[in-house]
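Participant: One-letter residues, chain by chain:
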Amino acid sequence: MDRSLFRFILRYSKWEQLRIAPLVLMTMVVYFFSLDLPKTIINQAIQGKSFPTPESTAPIFRMVVSLPQFLGGQSFLLFEGFPLERLPYLFALSMIFVGLIVLNGGLKFQINTMKGWMGERMLRRLRYILLDLVLRFPLARFRRIKSAELATMIKDEVEPLGGFIGEAFIAPLFLGGQALTAVVFILYQHVFLGMIAVVMVTVQAILIPKMRRRLLVLAAARQLQARHLAGRIGECVDGAVEIHAHDTSNYERAEMASRLGLLFRTRFEYYQRKFLTKFVNNLLAQVTPFLFYTVGGYLVITGRLDIGALVAVIAAYKDLPDPVKELIDWDQERLDVSIKYAQVIEQFTVEDVIQPEVQQLTPACELPRQGSIVASNLTLNDDSGAPVLNGVSFEVPLDQHVAVLGDHASGRAELAQLLTRLVAPASGALEVGGVDMVRAPEAVTGRATGYVGAVSYLFPTSVRENLVYALKHYPVREPEYEDRARAERERQVRESTRAGNTVLDINADWIDYQSADATDAPEMEKRIHDVLATVELEETMFELGLRSTIDLEQRRDLADGLVRARQAMLQHFSEPGVQGLVERFDPARYIGNATLAENLLFGTPVGATFEIGNLAGNAYVRRVLAETGLAADLLTMGHKVAASMVELFSGLPPGHEMFERFSFIREDDLPHFKELLVRVSDAGLDRLDEAERDQLLALSFKLIATRHRLGLIDEALEARILVARRYFAEHLPQELRGAVEFFDPATCNRSLSLQDNILFGKVMTTQAGASASIGRLLRQVLDQQNMRGLVVGVGLDFQVGVGGARLAVADRQKIAIGRALLKRPAVLVLDQAEAPMDPTSQKRVIQRILEHSKGRCVVWVLQRLELGELFDRVLVLQRGRVAEQGSFADLKGNNGVLHDLLSKN
Amino acid sequence: MSLDQEVELIRRIPIFKKIDLAMLKLLCFSSERLTFEAGQVLCNEGDIGDAAYVVIAGSVAVSVATPTGSLVVQTLGTSEIVGEIAIFVDIPRTATVTAVSRVEALRIAKDQFMGVIRENPDAALELIRILASRLAATTARLTKALAEKRA
Chain A
1 MDRSLFRFIL RYSKWEQLRI APLVLMTMVV YFFSLDLPKT IINQAIQGKS FPTPESTAPI
61 FRMVVSLPQF LGGQSFLLFE GFPLERLPYL FALSMIFVGL IVLNGGLKFQ INTMKGWMGE
121 RMLRRLRYIL LDLVLRFPLA RFRRIKSAEL ATMIKDEVEP LGGFIGEAFI APLFLGGQAL
181 TAVVFILYQH VFLGMIAVVM VTVQAILIPK MRRRLLVLAA ARQLQARHLA GRIGECVDGA
241 VEIHAHDTSN YERAEMASRL GLLFRTRFEY YQRKFLTKFV NNLLAQVTPF LFYTVGGYLV
301 ITGRLDIGAL VAVIAAYKDL PDPVKELIDW DQERLDVSIK YAQVIEQFTV EDVIQPEVQQ
361 LTPACELPRQ GSIVASNLTL NDDSGAPVLN GVSFEVPLDQ HVAVLGDHAS GRAELAQLLT
421 RLVAPASGAL EVGGVDMVRA PEAVTGRATG YVGAVSYLFP TSVRENLVYA LKHYPVREPE
481 YEDRARAERE RQVRESTRAG NTVLDINADW IDYQSADATD APEMEKRIHD VLATVELEET
541 MFELGLRSTI DLEQRRDLAD GLVRARQAML QHFSEPGVQG LVERFDPARY IGNATLAENL
601 LFGTPVGATF EIGNLAGNAY VRRVLAETGL AADLLTMGHK VAASMVELFS GLPPGHEMFE
661 RFSFIREDDL PHFKELLVRV SDAGLDRLDE AERDQLLALS FKLIATRHRL GLIDEALEAR
721 ILVARRYFAE HLPQELRGAV EFFDPATCNR SLSLQDNILF GKVMTTQAGA SASIGRLLRQ
781 VLDQQNMRGL VVGVGLDFQV GVGGARLAVA DRQKIAIGRA LLKRPAVLVL DQAEAPMDPT
841 SQKRVIQRIL EHSKGRCVVW VLQRLELGEL FDRVLVLQRG RVAEQGSFAD LKGNNGVLHD
901 LLSKN
Chain B
1 MSLDQEVELI RRIPIFKKID LAMLKLLCFS SERLTFEAGQ VLCNEGDIGD AAYVVIAGSV
61 AVSVATPTGS LVVQTLGTSE IVGEIAIFVD IPRTATVTAV SRVEALRIAK DQFMGVIREN
121 PDAALELIRI LASRLAATTA RLTKALAEKR A
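Protein sequence lines correspond, in order, to chains A and B.
Heads up: the first sequence runs through residues 1 to 905, numbered per the working numbering.
Heads up: the second sequence runs through residues 1 to 151, numbered per the working numbering.
Worth double-checking, as some hints may not be accurate.
To be verified - In the DSSO-like style, the derived pairs of lysine-lysine whose C-alpha atoms are separated by at most 30 Å in a straight line are:
| # | chain 1 | residue 1 | chain 2 | residue 2 |
| --- | --- | --- | --- | --- |
| 1 | A | K762 | B | K18 |
| 2 | B | K18 | A | K674 |
| 3 | B | K25 | A | K640 |
| 4 | A | K854 | A | K892 |
| 5 | A | K702 | B | K110 |
| 6 | B | K149 | A | K640 |
| 7 | B | K17 | A | K674 |
| 8 | A | K640 | A | K472 |
| 9 | A | K854 | A | K526 |
| 10 | A | K108 | A | K278 |
| 11 | A | K155 | A | K274 |
| 12 | A | K640 | A | K904 |
| 13 | A | K49 | A | K318 |
| 14 | A | K49 | A | K14 |
| 15 | B | K110 | B | K25 |
| 16 | A | K762 | B | K17 |
| 17 | A | K526 | A | K318 |
| 18 | A | K472 | A | K526 |
| 19 | A | K854 | A | K843 |
| 20 | A | K843 | A | K904 |
| 21 | A | K146 | A | K210 |
| 22 | A | K146 | A | K108 |
| 23 | B | K18 | B | K149 |
| 24 | A | K640 | B | K17 |
| 25 | A | K674 | B | K144 |
| 26 | B | K18 | A | K640 |
| 27 | A | K318 | A | K210 |
| 28 | A | K702 | B | K144 |
What the hints assert, rightly or not - Across the chosen pairs, the derived CB separations fall in these ranges:
| # | chain 1 | residue 1 | chain 2 | residue 2 | range |
| --- | --- | --- | --- | --- | --- |
| 29 | A | R720 | B | I13 | 33 to 43 Å |
| 30 | A | Y457 | B | S79 | 53 to 63 Å |
| 31 | B | E37 | A | D669 | 53 to 63 Å |
| 32 | A | Q347 | B | I91 | 51 to 61 Å |
| 33 | B | Q5 | A | S681 | 18 to 28 Å |
| 34 | B | A38 | A | E611 | 52 to 62 Å |
| 35 | B | E37 | A | G607 | 50 to 60 Å |
| 36 | A | A533 | B | R11 | 40 to 50 Å |
| 37 | B | I91 | A | G607 | 31 to 41 Å |
| 38 | B | Q5 | A | D530 | 54 to 64 Å |
| 39 | A | D530 | B | I13 | 19 to 29 Å |
In case anyone wonders, no lab produced these hints; they're calculated from the structure.
Glycine included, each C-beta is placed from N, C-alpha and C at the ideal position.
Please take these sequences and the hints and turn them into a complete structure.
Facilitator: Right, here's the structure in full:
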């Protein structure tokens, strides 16, 4: 990384900067002529100096080069020009003036576009370099760094750099050139007036940067404070549980407030100074015209300067303060971004950053499969330099399963990280199957070994994506692009190259099936299911799958299977013990376990139109109710529900949890309904306005006959709702067809979960044990239909949430273990990976994993020592040294270290 | 059977007698109605209980495990409550309750019951009275049993 921003800019954008420079110089020429032209227009054409008589003509485009006095003052005529009369002459000059302005604008547009591209490319490059460094930080570095601060630096702090890089050389060239042109022009017109301008500009250029020194300090402070604030916010998010558990939210508030206060003071002073500087700057800029008007006016009146020249000088001067000011601004920004750059670079300068070669992209590589792990004299020190592992030596054949036992100070966790080269030893050698692991690239260490710690991270994608994550070492199969997509991809590659980014294609298939011993996607799916069974996650995924709602349009195979399973289930519904446990979606029957709304719709709403909360206000629903004569009844029913709710919940104190769980009416709305009921009892339901009638109607839609037992839905009403149900379906206007998906026994419903699609009805929640019986039956049917795997597959698409938060901790851990198993490493290292599981499943899962890894090496740092009996061999660590090794049974019997450890527990 | 009828029914049960009528109705509303087929178990001895059941229709048998097999100690019918100890204290079920015939029951969860009692001091006092008199009765029976054993 270049320490200086300018060196960085030059190194990567020298040629692009050079390409823009000629354009900038061209604008100067155009600018000079556009300054000179008004003088000619006023003096020659308007005031008529070149036209002494009405018939005289003046030449246009006449080119004369005059040498200054000190070179002899001669003139050379280059071009005669075209003679024109006075009015055409004026129009011609004016057209040229417009032409120059357009040309100038066009050039500026081109320059700005090129600058913008260059700046954005450089910003992309800088961000990529920083991200690349993050990927190369040694793991120890992450203990001292806050992720939120890193994110702020890469995302926000370098952002202004992009804008500046475009300006870095072009702006001084452009603005300086412009100012210089204006000054030269003024001097050319009148030396004395020119001197005034030069003096004022010099004052401006010296005074303003002085005033801004303090601003830079403040800007740097502001940047650091904002970064720390981002870090603190990250801490509050990560520590949310601790904050609530220890009632420290007010402490955090105070801490935040003090930070915000500090930031406020810095920013306040910054703005105060900024505006003061602005004020002085403006004042200086305005004083000069004042001098021009008085001094220049005096010169014109006394006849020592012509009026056209004065107008031109004033016009030129009008353009002078802006470039000067912008130049000063540029200088300010230069210092500002240089500081920003330095502050960011400082954070990313790490002594022991991993060399790029270590992470070099390596497609297939030779991996150790046979032989042994040979550790000789491994030594590792902690941050303070104290030895954590001290001369550790052992040999483990690559087909053995070894348990590492020891207490927390034994160095067992460090040994696990060392074996997978997550940390490098201070000294000693580590070989796996003859490969030097200390110097091997990550392509070897990351494929030959697998590591699972006690707490693992899941990426916020699906379970399946998390499992195959360990197989994404390189783009295995490049994607195939068609015409336009290929052109787009080629453009992306060109841009990536120009910004120094990698050209690896994220859309390629990165999953290395071969590592998982699969040849294609279906086989891969089988491997995944094997692994799920090994870590006892299969049932969890199955349940997730059953509860999932997926777009069945995309999965015809699954949809057909679900319909078959639905038919198979139906066969069982008449069996004793199952009979009456499910209320089928039967078009001819009222479903007591569903809401009145569901009964009316007899389908699932698609989109918001027929959502239960919107039904009462829906014009078509109201038409159906009116046509079928239900409107008045349902309104009366809604009124009764409201009355019941008011009666039931009025006695509760505010905020009582029962509101949330049982009331149809939100606590806040209760007074409104009370008042509404009083009005109804005074004047009747007819006097309510439409919105209030909708509110009552909406309550009736929420009723579930079997659960709410308010005695409002009798058989006669049920029959009438069935009539309305048919009416609703038959008269549904074309444009609303897409807003509801009716229950159809022959097809799957996209808005229902897999389970609901198979049941195609509601479980009778009023029947004790119904859910459990139906659950058992469902499994039986899916097994018979060979659909269990498909459902598990759907479960694998479950999104795990941030850090896997939507899954239980033990399940997260199982996924992490599965991820390591899937790539079949020669050496699988687990550091108390079983810890989050409950004690009974720990033993089972370890046994299954060892069975799954037969013939490959497993090194397991165990939380519970007695589980060491499951392994071929145990290594006992004590204070960073191998105290003893051998079979668990032998060592347990000896009066050695393991014996002591076991008796201590 | 509608909510009002349920309220009428459970009002006859001593521990609910002093609860304000509106509250009792809320308690019924927030409770679940369940149907048990003959032979289905309402609760198992030794399980952790979190609800009491009021029999609305049908009858249930209360049994305890003895070394010689299970022994029915009581049969309960309409408007009687079973498993109510669970809603006062976290102890495992002291007996197994089985439906003798098809049973309709109201499942009153501990949380809801506590929520209602908390708003009714009179009901709480009544509850104490009932539990105290049960304790007195049990003590008397125990004393008698001990005396008989000694004699």
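Participant: For every hint, state whether the structure bears it out.
Facilitator: A quick look at each hint next to the structure:
With a CA separation close to 38 Å, the supplied pair A/K762 and B/K18 exceeds the 30 Å bound. With a C-alpha separation of about 27 Å, the suggested pairing of B/K18 with A/K674 holds against the 30 Å cut-off. Straight-line distance between C-alpha atoms of B/K25 and A/K640 comes to about 15 Å, which keeps the hinted pair within the 30 Å bound. Annotation: proposed proximity of A/K854 to A/K892 holds, straight-line Cα distance about 25 Å (limit 30 Å).
Proposed proximity of A/K702 and B/K110 is supported: the alpha carbons are some 26 Å apart, at most 30 Å. Straight-line distance between C-alpha atoms of B/K149 and A/K640 comes to about 62 Å, which puts the hinted pair past the 30 Å bound. With a C-alpha separation of about 28 Å, the suggested pair B/K17 and A/K674 falls inside the 30 Å cut-off, and the hint holds. For the suggested pair A/K640 and A/K472, the alpha carbons sit about 62 Å apart, so the restraint of at most 30 Å is broken.
For the suggested pair A/K854 and A/K526, the alpha carbons sit about 18 Å apart, so the restraint of at most 30 Å is met. Only pairs whose Cα atoms come within 30 Å are accepted, and A/K108 paired with A/K278 is accepted, the gap being roughly 26 Å. At most 30 Å may separate the alpha-carbon atoms for a hinted pair to count; A/K155 and A/K274 meet this at roughly 25 Å. Restraint check for A/K640 and A/K904: not satisfied, since their Cα atoms lie roughly 69 Å apart, outside the 30 Å limit.
This hinted pair checks out: A/K49 and A/K318 have alpha carbons roughly 26 Å apart, not beyond 30 Å. For the given pair, A/K49 sits about 50 Å from A/K14 by alpha-carbon distance, which is inconsistent with the 30 Å threshold. A C-alpha spacing of about 16 Å is found between B/K110 and B/K25, which places the hinted pair at or below 30 Å, so the restraint holds. Straight-line distance between C-alpha atoms of A/K762 and B/K17 comes to about 36 Å, which puts the hinted pair past the 30 Å bound.
Simply put, A/K526 and A/K318 have alpha-carbon atoms about 77 Å apart, too far for the 30 Å limit, and the pair is violated. Distance restraint check for A/K472 and A/K526: the Cα-Cα separation of roughly 18 Å lies within the 30 Å cut-off, and the hinted pair is therefore satisfied. Between A/K854 and A/K843 the alpha-carbon distance is near 17 Å, which keeps this suggested pair within the 30 Å criterion. With a C-alpha separation of about 21 Å, the suggested pairing of A/K843 with A/K904 holds against the 30 Å cut-off.
A distance of roughly 36 Å separates the Cα atoms of A/K146 and A/K210; the hinted pair therefore is violated under the 30 Å criterion. Pair hint A/K146 plus A/K108 does not hold up; C-alpha atoms about 43 Å apart against a cutoff of 30 Å. Distance restraint check for B/K18 and B/K149: the Cα-Cα separation of roughly 39 Å exceeds the 30 Å cut-off, and the hinted pair is therefore not satisfied. Pair hint A/K640 plus B/K17 holds up; C-alpha atoms about 26 Å apart against a cutoff of 30 Å.
Between A/K674 and B/K144 the alpha-carbon distance is near 58 Å, which puts this suggested pair outside the 30 Å criterion. The straight-line distance between the Cα atoms of B/K18 and A/K640 is roughly 27 Å, inside the 30 Å bound, and the hint therefore holds. For the given pair, A/K318 sits about 24 Å from A/K210 by alpha-carbon distance, which is consistent with the 30 Å threshold. Under the criterion of a C-alpha separation no larger than 30 Å, the hint pairing A/K702 with B/K144 is inconsistent with the structure, at around 57 Å.
Taking 33 to 43 Å as the suggested C-beta distance range, the pair A/R720 and B/I13 conforms, at roughly 38 Å. Look at A/Y457 against B/S79: about 57 Å separates their beta carbons, and that is inside 53 to 63 Å. B/E37 and A/D669 have their C-beta atoms about 41 Å apart, which leaves the hinted 53 to 63 Å range violated. Checked against the given bound of 51 to 61 Å, the beta carbons of A/Q347 and B/I91, roughly 59 Å apart, stay inside it.
Checked against the given bound of 18 to 28 Å, the beta carbons of B/Q5 and A/S681, roughly 25 Å apart, stay inside it. Between B/A38 and A/E611 the CB atoms are about 42 Å apart, so this pair departs from the stated range of 52 to 62 Å. B/E37 and A/G607 have their C-beta atoms about 42 Å apart, which leaves the hinted 50 to 60 Å range violated. For the pair A/A533 and B/R11, the supplied restraint of 40 to 50 Å is violated, since their beta-carbon distance comes to about 55 Å.
For the pair B/I91 and A/G607, the beta carbons lie near 51 Å from each other, so the given range of 31 to 41 Å is not met. Taking the beta carbon of each, B/Q5 and A/D530 are about 57 Å apart, inside 54 to 64 Å as hinted. The beta-carbon spacing between A/D530 and B/I13, approximately 57 Å, falls outside the hinted interval of 19 to 29 Å.
This entry does not satisfy hints 1, 6, 8, 12, 14, 16, 17, 21, 22, 23, 25, 28, 31, 34, 35, 36, 37 and 39, going by the numbered hints stated previously.
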